[in-house]
Structures are given as structure tokens and as C-alpha cells.
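Novice: The listed protein sequences derive, respectively, from chains C and Y. The first sequence maps to residues 1 to 319 in the working numbering. The second sequence maps to residues 1 to 596 in the working numbering.
No lab work stands behind these hints, which were simulated from the structure alone. Nothing here was measured: the structure is a model prediction, and the numbers come from that model. All C-beta atoms, glycine included, are put in the ideal place defined by N, C-alpha and C. One or more of the hints may lead you astray.
[Said to hold, decoys possible] Sample of chain C residues lacking proximity to chain Y, with all beta carbon distances greater than 12 Å (derived):
| id | residue |
| --- | --- |
| 1 | Asn43 |
| 2 | Arg46 |
| 3 | Arg53 |
| 4 | Phe70 |
| 5 | Ser71 |
| 6 | Gly76 |
| 7 | Pro125 |
| 8 | Leu158 |
| 9 | Tyr167 |
| 10 | Gly229 |
[As the list claims (entries may be wrong)] Quick list of in silico lysine-lysine cross-link-like pairs, DSBU-like style, CA-CA up to 30 Å:
| id | chain 1 | residue 1 | chain 2 | residue 2 |
| --- | --- | --- | --- | --- |
| 11 | Y | Lys134 | C | Lys75 |
| 12 | Y | Lys241 | Y | Lys219 |
| 13 | Y | Lys307 | Y | Lys512 |
| 14 | Y | Lys216 | C | Lys75 |
| 15 | Y | Lys422 | Y | Lys457 |
| 16 | Y | Lys541 | Y | Lys512 |
| 17 | Y | Lys241 | Y | Lys307 |
| 18 | C | Lys75 | Y | Lys241 |
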Amino acid sequence: MTKYFIRRLLIMVPVLAGISLVLFTILALAPGDPFEELAANPNVPREVAQALRHQYGLDDPVAVRYVRWFSAMLKGDWGFSFVSRVNVDTLIMQRLPTSLFVLGSAQLLGLLIALPIGTYSALRPYSLFDQVATTLAFIGFSLPTFFTGLVFILVFSLWLDWLPFIYRADIAATGWRWWWEHARQAAMPVAVLGLFQGATLTRFVRSAVLDVIRLDYVNTARAKGLSEGVTVVKHVIRNALIPVVTLVALQIPGIFTGAVITEQIFRIPGIGSLLISSILANDTPVIMAITFVFSCLVVIFNLLADLLYGWLDPRIAYR
Amino acid sequence: MSERELRALVADVRRGRLSRRGFVTLMAGLGVTAPLAAQMLAPLPARAQARPAFTPSRRGGGGQLRVLWWQAPTLLNPHFATGTKDQDASRIFYEPLAGFDPDGNVVPILAAQLPSIENGGVARDGTWVIWNLKKGVVWHDGKPFTADDVVFNWEYAADPATSAWTLASYREIERVDRLDSHAVKVVFKRPTPFWADAFCGARGMLIPKHVFEPFKGAKSREAPANLRPVGTGAYRFVDFKPGDTVRGELNPAYHVPNRPFFDAIEMKGGGDAASAARAVLQTGEYDYAWNMQVEDDILRRLEQGGKGRIVVWPTGNPEHIQLNHTDPWREVDGERSSARTTHPTLSDSAVRAALNVLVDRASIQEEIYGRGGQTSANFLNSPPRFYSRNTRWEFNVERANQILDAAGWRRGPDGIRAKEGKRLRLVYQTSTNAPRQKTQAIVKQACARAGIELELKSVVASVFFSSDAANPDTYSHFYADLQMYNIGMNAPDPQVFMAVFVSWEIASRENKWVGRNITRFRSDEYDRLWRSAETEMDPVKRAALFIRMNDLVIANVAVIPVLWRNGVGAANTRLHGMELNGWDTTMWRLPYWYKA
């Protein structure tokens, strides 16, 4: 197990290096210039943009820039944003709590919806409840989040005027009011992301439980005289959750990237909106850092899923 | 006098180009009685009434002011604030010596009074200007604001190693002398008729010496105050998240008594223009939203919510079609559109004149831009003293056909005109942007009726406006016959703006296409006029020079002005006192904003 873990960790290094090389090259070749605004402004002498390009090393060949970026990264230096001139790690750390709060709540909401509904559907397959739940789940994951987001804004902000549609990271209030304001503004984005996650997971939980519920040991548990509740919770769900946990782990990086558009719609100051604004401003160090963090998340959570799987299901051996 | 001319005069009164009294006198000269003439103006509010009449007796009490910028501010050092979003955010905390009002007049802010030739503040030959500073002004940290701070700002911005975007304004200064603790003498390297550039408006915001002194030159990026401003403005810094929110609280020591009205300000950034418009006009969550680049129809619909209104003001920015004076299809010494070539068809003045009457400016303004712009025959439209009255525009397909027929351009079997084997087939490019594509379509249709075939091309904005010397699709390469975009004037003085037609600025491979003369228009007379305006100290003669430059460009059809763009914002119905204009930042009057 330890040996396997170490081997996987070692493989990660060339994988991440390869990813970073591809990302860097694509960004370097893409059109656009971080100092476009300077260059386009007739009142700014061209020397300013040229001096900045030189100062920030943008005139060097791509290979040199990549080596410089990579070696700095190894030393923990993420570089600084060309636009705000703030260190990239500071920028990301400023955005992370908001992103984690919204995405974490959404994931939680998704699980809270998916587990009971998925299980209940599987216990009574093809019942009316199952049919309704399945239909809703299909609708749920067929609708893109940017669409549901706009529909929510239209209904809850514009027609009903219940919820604000602009997310504010710092609310000038304390105590209950602070919590209340936060809950109000987070309600729509969390619901949009959570319902989408919930819909996907419901289908998955249902099929996982269906797989398990027909197995012999479940019948044995029932034959022993265990109550239905105990059988379902201790014997069925526990085993059915093994693939679900793996799926959730694999989904987490996807949620980060999937939330980019939702963050933009609700103006949530999270990682996703930082990525979009950086792309629009051609702020390569920030784009590079965020996309690299996203790819790290994918690689790490893949490893985590593999490890979790073995831990939850001792029949799986690592070689 | 036709109805159209009369309406133009009424519009002039509305814009403030003509006084109400002037209008009535003019009408009296035409035999219209004064009461009747005054009635013609009746639906227009008199200018005096437009001015805010709000005189508070104490500071604060207005609650929180919430403003929405759909491009978020990213830094708060005015000398690095390239984008208007950053200038606006910096302007909450920092102030210049003087700002600009809607007519382009200089208004003192940190200056005690305006320098002028009469009061001995401006040299007769324009080589120096003396600024007297307001006394009793303190920075947010309690230190006094003095002449040393002004001198420091010049040193800071003029140092090329600082890479300040304000470099152009400050490097023209020979030296700044400290006369006493509250007076400085700014000595220019050359005679400078427009002396209100450095230390004024968006380029003039002053940063404190005692905070920024250790971070001059190459170390400028490391200053913590780049993100935590210490200024003299009406609001003190509370919190800043780059790309998201700026917050400020009332400055109890602000140097204008009984201002500001609002107790705190929050500037939220990000998202898109349309939903920002909703947040002000429809839900009222925010009080003001910046730069409403949204179709006018949508804005009108949102305005019906009654919570907010659209505010517009003229800027100096012309949306215009440029005619390439060089040949974009022949390569000479490794570059197309080389200044050594001439355009095969557009060099014929008849073709240019025909194109000039084929742009249906009225339809473009009405159908596409709405309140976002006004029709105009001029390239230089504003401030009012530079507006030429000698030019006319018209849309007349018949006339275009007559001009082309007379010049010997005969229609071929396919309806396209040709002469000496050269066909009137032109490539017309612009950036990808819905209103621009609609404009292209309108022009193409009219040209087809006159036997000119236009091939439309649109380039993604990030490529079109980039300064990439290797990319042939940028506007400055101009590898097309016609192209359309909008130039920002950004200053109430047209000297820099009008440099886009001087011969030494022609964009070429040699200057990596950073030259600002994109049309490659070349005229000795124009060069001479521009040079004389550089040193002419008489404001009337100088305005006449710029009007002649404009007329020369329009008469030669170097460009076809399509639309004189307006600034567009969304404001709460109760929010007043902004005095928005195209010369200074949106926030220039922030201490005077109020809700009533």
C-alpha cells in the first residue's frame, strides 16, 4: 500500500510537469497581450508597455519563460498578476474561502438530496416515486447551470424580489443579520450547483443501491431477523456507498471548473470568476496558476479516489 | 431656415453649445418674437436648473452608496491605473489638483485657485504654471498635504523605471520647483498651451510622498499602499479585494465642508453589463452602474421598472470608418499597407466622396446605438469650442452613383463598378461586437446599391486591438481597405487625439505598427497645423487650428465619422450630482453625489 502510494506520487511529478508545459505553451501562443489597454491608450507612451514587457520578461522566448516559471514554482513562488501586480497566491487565497463555502454547501446539498431519494427509489424500483424522481433527475442534469442560474434570477430576484442576485463577500452586518444575509445571497448559487450535483448523484446512488440490494448477504441479514431499517442502513447503504464515495472524490475538481460560469453569473468572488477575468485581461500568471491548480486537483483526487476505494473495499489489493 | 436647421439649433441649446439668450436673439433676427422663441425651448430644462441645488449642512447621513462596475478594479495606485475601472476606484481615495467638468473646464480640487495668465499663474509663453495648493488638507493618516507631495508625484511618475501609465504627462515637465509649503512652479520642457494635463484629472491624482517614497522606480510594484491607498479624498480606505470589491468610509477630515453625503461607499466589480443594468434599473440593489454597453431597447425596457434611469453624456470618442490610403494587397519590403504605396481605388477622391454619402448615419444612430451616440459630420466633436460648423453629412445613394458615373467608374455585368480593370471591391473590417456587425451590414447594403461591393470581416476584439507586431489582423496593421472602431479622446484637449493624422506617426513595420496614424493619411498642411497648435497660446486661435485640422480630414474623407459616442451609465432615480463627462473619471465629483 505504502509502496503503491509512493509510486503513484512519483508518477504524478512528470504528469504535472507535462500538463504545465502544455498549458504554458498554449497560453504563450494564444493571441492577446496583458498590456493591450496600455498600448491602445493614445496618452500612454509606447515605452511604458515595452518597459513593462521587458521587466516582466515577456520578450524572452517561450522556452526560457517556461523554465523560469517552473523553477520559481518549485520554490513556491507563483509569480504575480500583471494586472493587479499582486502575488498570485495572495489572489487565490483571497478567493478560496468563498469558493469553498459555496461549492462545499452545494456538494452537501447535492448529497442530502441524492442519498435519501436515490436509496428510496432503489428500494421501490419503478414505483411512482421512482418514476418521478428519475424524471426530475434527468431534467436536472440535462439543464446547464448557466441556464438554471438565469431562470432562478428571473424568478426569485426579478419577479418575486426575494433574493439578491449579486453576491457580496463582505457584508457590513453582525450576528444573526450577517448569517441571514449570507444565507439569502448564497441560496441561489448553492441551489443551482447543488441541484445539478444532486441530480447526477441520485441516479448513481439508485443504481449502486440496486446492485447491492439483490445480493445474498442482504437476504441473510433479513433472514437473521434484522429490522428493515438496520438492514438498509448498515448492510445496503454502507456497501453501496463505496462507488459513490469514489465518484464524489472524482467529481470535486469538476465542480471547481463547473462553477466558473455560476460564479460569473452571480458575481461570486471565487476562483472561477478570477479565472474568467484573468482570461479576459490576458493575465497569464494567474490563468496559469489557476489552471495548474485545477489540473493538480484532478490528479490528486484521482489518486485519493483510488486509495479510498481500497480502504473501503478490502478485497481490492494494490500492486 | 429649414426645420432641420432649427432643430439642430435647439439641440445646440440643449448641449450647451448655444445659450438660451443667444437662441432667442437669433430667432428675433429671423422675425420670431421672443416669447415664441423661448417656447421652442420650453421642453428643455434650463442649464441653471440642471446644476445640483443641494447644500447640506453637515457631513454624512446618506447611508451606503453602492456602485457596480462590471469590470472589476484590480489595483488602487492611480499611476498604474491603466483602465478606467482602476482610475475610478482610485479616485474614491485620491484627488488631483484639478478636475474637468462636462464642458472641459478646469475645476480646482486640491488647488486653492486656478492659475491663469491674468493672475500670473501661467507663463505668457506657456513654459510654466504656478499651482497654489489648498491649505489645511490632510492625508487619511493625518499627515499634512504639502508642495513636497506634488514634487514627489512628478519624480515618481516621470521615472521610466516606475512604468507609470501617466509617464507621458510628467516627462514633459522639466522640473517642479517648490516655491513655499503650499505653492509649486511646474516648468515645462516646451511651451505647453494645455498646462492642465499633469496633476489634473485622471492622470493627476496625487499620492503621498511619505508613504510611497521608499517605493520609487523599479520597486514600485512592491508598495503595500498600491492596494491600501492613503489619499486626501472624501472616503477613507476600508477594504479591497482585487477583481471584486472596494470599500471606503466617510473621511471626517475631508477638506470640503459638509461633504460627502454618503457615509460609506462600496464598489462591486465583475459580471456583465446587462445584469448590472438590471441591478440598478430593475431591482434597485445598486445605486449606480458604469458603462452600460447594452442595446438601448433593453435599457428602455429595464427603465420601466422605475427604480433607475439611464444617464448619458457626450464624450470625445468618434466611432468612425477609416479609409486606407495605402495598398493593403501589395507587399513592399515585407509589409502590406506600406506608406510607399497608394491605394488602387481609394486614392481616387471620387470613390472616397461616394463612400462618404453611403453611410446612413441617422439609421445607425437610431436603430443600433439609440442614446449611445449622436450623428456627426466631424471627427473632433468635443469640447464644444472645437466643434466645426463647416462640415455637413448626408446619406444619398443617388449622389454616390452620380459621383462615380462622373468619375468614369462603369458598372460591369455583375453590377460592380470598375475602371481601367480595377473593380470597386473593398474589404471592410472591424472587431467582433454586435452593434459593429449591424453597422457593417447597413453600410454594405447601401454600397451595393451604388455598385461597390464590400466584403465584411470581423476580428475578435482581443486580436484586433492587440499590439502584437506578428499578427496581421490587428487594427494597426490595417491589412484591409476600410476598418471601423472608436478612438478614446480621454482629455479635454485634442492635441494628442489629433496626432492620429500626422505623417510622422504613420504605422509601419519600422515602428512595429505602434505608430498612431493608422489611415496613413499624409498632408503637409495638416502636419503644419498640428505643429502650430502645439505652441499656440491664444485659446481662440488654437481652437481654430483644430477646427481646420478636422475640416481638412473630413474634406479629404480620410475617415468617415459614423457616430459620436455618448457615455452611458445607469443611476438610481434619486441619485444626483454626478456631473459625468468624457474628460474626467466617473468618480470625479463623488463628494457631491447625493440622493434626494
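Novice: Between Lys241/Y and Lys307/Y, does the CA-CA distance stay at or below 30 Å?
Specialist: The hint holds at about 29 Å.
Novice: Say whether it holds or is violated: Gly76/C keeps its Cβ farther than 12 Å from all Cβ of chain Y.
Specialist: With a cut-off of 12 Å, Gly76/C remains clear of chain Y, as the shortest Cβ separation is near 18 Å.
Novice: Given the hinted pair Lys216/Y and Lys75/C, is their alpha-carbon gap at most 30 Å?
Specialist: holds (28 Å)
Novice: Are all C-beta atoms of chain Y more than 12 Å from that of Leu158/C?
Specialist: About 6 Å separates Leu158/C from the closest Cβ of chain Y, which leaves it inside 12 Å; violated.
Novice: Could you check that no beta carbon of chain Y comes within 12 Å of the beta carbon of Arg46/C?
Specialist: Label violated. Min Cβ-Cβ 5 Å, cutoff 12 Å.
Novice: Just want to verify: Asn43/C was marked as not at the interface with chain Y; is every Cβ pair farther apart than 12 Å?
Specialist: Its Cβ does come within 12 Å of chain Y, the nearest being 6 Å, so this is violated.
Novice: Is the nearest Cβ of chain Y still more than 12 Å from the Cβ of Pro125/C?
Specialist: holds (43 Å)
Novice: With 12 Å as the threshold, tell me whether Arg53/C passes as away from chain Y on beta-carbon distances.
Specialist: violated (9 Å)
Novice: Grab the minimum beta-carbon distance between Tyr167/C and chain Y and tell me whether it stays above 12 Å.
Specialist: violated (9 Å)
Novice: Is the straight-line distance between the alpha-carbon of Lys241/Y and that of Lys219/Y 30 Å or less?
Specialist: Satisfied, since the Cα-Cα distance of roughly 22 Å is no more than 30 Å.
Novice: Would the pair Lys541/Y and Lys512/Y pass a check requiring their Cα atoms to be no farther apart than 30 Å?
Specialist: Roughly 36 Å between the alpha carbons, so the hint for Lys541/Y and Lys512/Y is violated.
Novice: Find the nearest Cβ of chain Y to the Cβ of Ser71/C and say whether that gap is larger than 12 Å.
Specialist: holds (20 Å)
Consistency note: the structure conflicts with the earlier hints numbered 1, 2, 3, 8, 9, 11, 13, 16.
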